[in-house]
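Engineer: For reference, the chains in residue letters:
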Amino acid sequence: MTNSTHHEPPAPILQARGISKRFGGALALADVDLEVRPGEIHAVVGENGAGKSTLMRILAGIITPDSGSIRVGGDELEGGPRAAIDAGIALVHQELSLVPEMTVAENILLGAPPTTAGFIRSRQLKSIAREALDEIGVTVDLDEPIARLSVSLRQFVEIARAVARKPRVLILDEPTATLTPAETDYLLAMLQRLASKGMAVIYISHRIPEVFAICEAVTILRDGHLVERTEIASTTPSAVIDAMVGRELQLDLQVRRTANPGDVVISARGIKAPNVNDVDLDVRAGEIVGLGGLVGAGRTELVRAIVGADPRTAGTVTMTVDGRRTVIGSFQSAVRAGIGYVPEERRVDGLALTMSVSDNVALPNRAELSRASVLRPKAISAFVRRLADVVGLRPPAITRDVGEYSGGNQQKVVIAKWLGRKPDFIVLDEPTLGVDVGAKAEIHRLVRELADNGAAVLVVSSDLPELLELSDVIHVVRDGRIMGTLAQSEADEKTVMSLASGETLVGA
Amino acid sequence: MSRESETLTETIAVASRPEAGIEKKRFSLLLWMADRGVIVFTVLLILAAVIFIDGFATLPNLTDVFYRAAPIGIVAVGMTFVVISANYLDLSVVAQVATSAVIFIGISNEFGVFAAVAVASLVAMLYGIVNGLAVGFFKANAVIVTLSTTFIGLGILRWLSGGSIFFGPEDGPIRAFGQARFGPIPLSALVLLLVTIILWFVLTRTTFGFAVRAYGSNKSATRLAGVNTTAVVVGAFVITALSAMVAGFVLAAFSNTAVSSMSDGYEFRALAAIIIGGTSVFGGKGSVLRTLLGVIFVSVLTNILVLSGIGFGFQQMAIGALIVLAVSVDALARRAAKK
Amino acid sequence: MSTAEKQPQTTMHLGAARGGWFDQLKVTLARRTEGRGLALLSVVIVAAAILEPVVFTSYQVTLGRVALIGLVALGLTAVILMGELDLSVASTLAVSGVVMASIPDLWLGILAALATGLIIGAINAFFVVVVGINSFIATLGMLFALRGLAFVLSDEKPVRLTDIDAGIAFGAPLLGPITPRVLLFVLAFVALQIFLTRVKAGREFYAVGGNRQAAVDAGIPVRRRILTGFLISGFVASLAGIINTLERTAADPTAGSTVLLASFAAAIIGGVVLNGGRGSVLGTLIGAFSLGILQIALTLSGVQVDIQDIFIGVILLLAVITDPTNLRAALAGVRSSLRSRERAQTPV
Amino acid sequence: AAADSSDGGTDGAGAGDETFEVYALLPQGTDQPYGTTYLPPMQAAADELGINLTITNSQYDADQQASECEVAVAAQPDLIILWPAVGDTVRPCLAAANAAGIPVTVTNSDVNPEDQDLTEAYSGPDTYGQGVSSAEIMCDLVGGEEVGILVVNGLTGNSTAINRNAGFVDTIEANCPNVTILAEQPGNWNKDDSQIAVSEMLTAVGPENVQGIYAADDTMVAGAIDALKARGIDPASLYITSIGNTFLGNPLVVSGELDGTVFQSSSWDGENAVRVAYDVLTGNTPSPRELFMPSVKVTADNADDPSVAPEW
Ligand SMILES: Nc1ncnc2c1ncn2[C@@H]1O[C@H](COP(=O)(O)OP(=O)(O)OP(=O)(O)O)[C@@H](O)[C@H]1O
Ligand SMILES: Nc1ncnc2c1ncn2[C@@H]1O[C@H](COP(=O)(O)OP(=O)(O)OP(=O)(O)O)[C@@H](O)[C@H]1O
Ligand SMILES: [Mg+2]
Ligand SMILES: [Mg+2]
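Chains as they are written, first to last, in my numbering: chain A, 1 to 508; chain B, 509 to 847; chain C, 848 to 1195; chain D, 1196 to 1507.
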């Protein structure tokens, strides 16, 4: 617990009162209040779909609330995004909100570059952008188009953009979801630095430890309602989680399975691909293998190359089930052989957002759900209903478009797609990215069940506790190579990180 | 189309509409109207025509409407697959229809109808495969690919056929096919209906059609569900090409003539029908039954304008205006319902 | 996670490392979108230089053809960059020509034609941003409606200019190969290039097309940008209509039949992506040069017109299917699945 | 201008076996049936006379043709044969050719009267005159009767379509005002479009009010006749005229369904385009400027005559 230097709380810089918002008939926010003091890091937590992002988008002027008022520094805030920016509110979105073909500098000053008679003053543009990047201590080529940057770098560019506006209130909506532990640490330290200069920070995260590490107060939302606002000093992680979920949650963080691995199911030899250098990897039946490493280490590329989602430049993958060997070439052959793949970017690679849950789940299972290539609607609906139940989709309205569901539920749909095929080998890349605590526990349960039922499971995760908790064995990846392998007993945060960063961490 | 609708009419009603959540019930009337814009418009147009236009509600005129609708309708219904697969449109239907018509008349004159149909099928497959591979495998832009194949196709057609006009014999089977009618309904209209029913079935009830819709909604996710996406795109273009082939037969049989310029303008006219029907130009959502309605709408409208003695310029203006109007009403109704 | 205890770093280096000038060059090239257009242009130029060098000796004609193909494409590029489409450009060209020729006073006619283009652009934008319908559909409707309007206004016949001599004078070169058409084309290119690279509003077209939500969130007036785009496209199309009408001394209501597809081809060959956000007017210019030189070389070669069409079609097809990134991915995919098939045959 | 035609010659051989470079700027070719049968005789005549032809096809796009004209002028041929895509738009092309000292002859459809001084000669049909002839046949058939007719035009905006319609309408107004045009629609030179349009016009005005049909070419009139038959109306009972005397039209005249058409010989047209050009190239500028294709009216009386055997 840090930053408890203020003895007398100053007047709040941001005051939101009675904010309500409906989407169609659905109530996203009901009479929610939020108060943040200058120099305070204030957490907003809640399950997926609790309304956190909606509230932040209202503060940033992007969505107009149905009712309620917002005051910044005592003045009523009214108008669109421009007005909010002018009032000193800067939002770092949950979904990356950059323009891919514009440069880093242009993105940092998007919408407000320095101009003379409409012409952009590019030198000044760059110097302001550099200043903002310096402020957060990140170095990057200002002329690089965003499309050519890694995801984590984009995240920092977004933060630089928010900082460049010299905000009085900085809002970050799940900024650490795509970051490695090292980057996360860096970000948290940076936020404390910014707060110590008097900036108010609203911080959204599903990672409760982060909240307790840097925040002073927390506002908890559930189903669009304000549950409570409390000082961090006067609460505990489990109390916060209980308030979020509204029920006693059995946190099975300490529950470790006893794995009894069977035969090798998947055997990858000499895998080469862009950012993957000659990797050998085996996964056994009933075993959960974890891939750890920093963002950009090449884990995603490695697993995509293994399942054939991207072409390999060298190497073979063979799959052995019940003594039958199959060579995995294209992704199609992988699926035919019984491989399932939950991709990292679910909105891009995992789901057709404008199609129903039913369609999404049925797609990889269409062969089983048809006779002579003719679909069997009744079979499909029974099949999907059953899987929706298994993964705990809420609400279980399978004819609704997937795009209308919250992130955690969307991830459940992706998992349901593959569960239906009873995969012998399943790859899950960041299975709980942006997923709330409740959904996360359910997804972990599903992953374990898969392994318990004899599937070979490969999990990529940047969430170190999750990786440690799930995996029977962890391979740590750096520069596209496996730098080391840790058995469950020898793996902890320190050993994984030292292999991942390529340096031995001395002390804590 | 996820709902299990048992009858054709019901499917028209629910086709391509996202299943509304429970909370949307209150606005269901407006949304219902918006979703069925093309039905409402077509019905209103036909009602108005019956009341105000002399001669509209006569059997010979009904026949003319069918004649107008048949060839362009068959093209549009097929092309719906390309549009739903999020590939904009297939410009080369112009070349495909003309090529098929010329082959149909030209080759049957020499070698008989069966040879002609066989050759035309091969050519249609070739069009579909070339377009499909270029778009699906090489990931090239469909507009430019089909523009190139239009150039190539028409060039080859004119080069080989010398651009002549071909006539069938006055008493041949083609003529008989073109003239055949059941009461006021020409055989070509039944062909359109048949093609529509078959393609409706393919799109909504088969795994291939399912894959086409999924691909149109999200290419990457569909590939990563184990779908052979190249086959999906090739399939969509082959279906378009086969439909264009049938349209060429119908067009050639109707007039018993074939010439390489007879299908000029078919690409955008077919697209207009698809869009008026309400299929999304961004793919994923749509239905061939909607396209059929769009075709009927445009055919009835053109018929009404000709019956009213309206000149060509005003006809074009009216069609253009109605495309925009139909879609605007839809958009505004949807917006009102959302509020 | 034990965070607070750790020594906080003060900076992070995440950007790509920079090498020598060669790496710099590679990075610069990788950032551009015009590569494929440039490759096609090089092929066309080399082929033309060997087979039909007249293309370059009579560069005045070649420039004229490029300007004919390219002008409308430039305006269209502005719209496509925002992820919108304007299918009505060819009809806009015809209508503004007819409007201009119908007015006896030359200058008044020109002004009226430009106003027509702007009004059409505004109508297109109205349907897109106010009514909220997809631009593909709105402008498809306008494609039909405006063509009809051109026929109605012209009584379905070409309209001759009142001042024919002015028209003929307009077609004459000003200086060397520079006819007013070429000059206006160059001016339009320069203006758009500056607008889209240096002016705030123009740069924001990329934001509107690349990530519309981000543009909205950043407070960019997206609707106004879209309006501007359609105004540009309508204005440029009417400018092309005026130039054509002056050069031909008459306005033809059927004019522009080949303009729409040629403009799209030029833009797409030049690397402009139909979904928006990616591309440049420089690319469109390169695309227009490729197509123009190709056409002129074929015309001069005297090859039968059908064969020319086949040839252009094949070149276009090859140009689009050889997009380096796509091609590499496609071939790699084939190679890796072939390799696994080989291995599968040899029992292990 | 014709006198110095050999100056531009690329390889000036002797006067007798000289080869000439000639550009032929056409708006159609093998994309249209007429152009298809126009081209071979043109090429044959050129081969015979030692003319090296470069043929373009602008597909009736005036801007495309103007650009092709620039190409032609830049290539400095001995002569340009022009078939205007849009008659009103060719003056700048003619002026440019003139300025470059390249003689221009016109084929198929003539330039406007005020532009004729920039050209050496014209050969081809008189498109306006064809409309006149077709109207004359109609007027003769009708006599003094009060009749209503339907009109099917060619492709909207097309020069030939415009001129034929003007010739027909002007002549009807002047010679037999007792003929009333009840309805008018384009048939786009297509048989199927024409058939539907005629059928709909019949519905609109009432079949009982229609005593005659004029279509701007034989292909479209065949569609009109089919439309009548489909309604159970005997075409022989109506006054029907058109233009062309093609493979499609001639048998209809023989069978009595089509009352009269106007012969247009594509081979005459193509061949004479080159012969007139050759005359100009060799210094024999034709006088008068126009060489009109004989506009033979074809009716049941002469439809079997070999001199009007159809060509396309
Ligand atoms: N544009 C929208 N249209 C309709 N419903 C929406 C929209 N945006 C959000 N919602 C709904 O509002 C509710 C709150 O969503 P919000 O994104 O604010 O949740 P969140 O707390 O940020 O969740 P997560 O942790 O998954 O990001 C959800 O039920 C969501 O489905
Ligand atoms: N040094 C670098 N600079 C810029 N981009 C990089 C760098 N290293 C890797 N990248 C890119 O970053 C992206 C992330 O890499 P990758 O997906 O392999 O990481 P990962 O280990 O799977 O991480 P995670 O899945 O946790 O995000 C890739 O697109 C990669 O090309
Ligand atoms: Mg959120
Ligand atoms: Mg990854």
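No lab work stands behind these hints: they were computed from the structure. Note that the structure is predicted; figures quoted are calculated from it, not measured. It cannot be assumed that every hint is accurate.
With the C-beta cut set under 7 Å, the calculated list includes, among others, these residues of chain D facing chain B [stated by the list, open to error]:
1. 1387
2. 1391
3. 1450
4. 1480
5. 1481
6. 1485
We put the CB at the ideal spot given by N, CA and C, even for glycine.
Engineer: Against this structure, judge whether each hint is valid.
Structural biologist: Hints and how they fare:
1. 1387: 4 Å, holds
2. 1391: 5 Å, holds
3. 1450: Since chain B brings no Cβ nearer than about 10 Å to residue 1450 (chain D), farther than 7 Å, the hint is violated.
4. 1480: 33 Å, violated
5. 1481: 30 Å, violated
6. 1485: For residue 1485 (chain D), the interface hint is violated, since the closest Cβ of chain B sits about 28 Å away, which is over 7 Å.
When the structure is compared with the earlier hints, violations turn up for hints 3, 4, 5, 6 and for no others.
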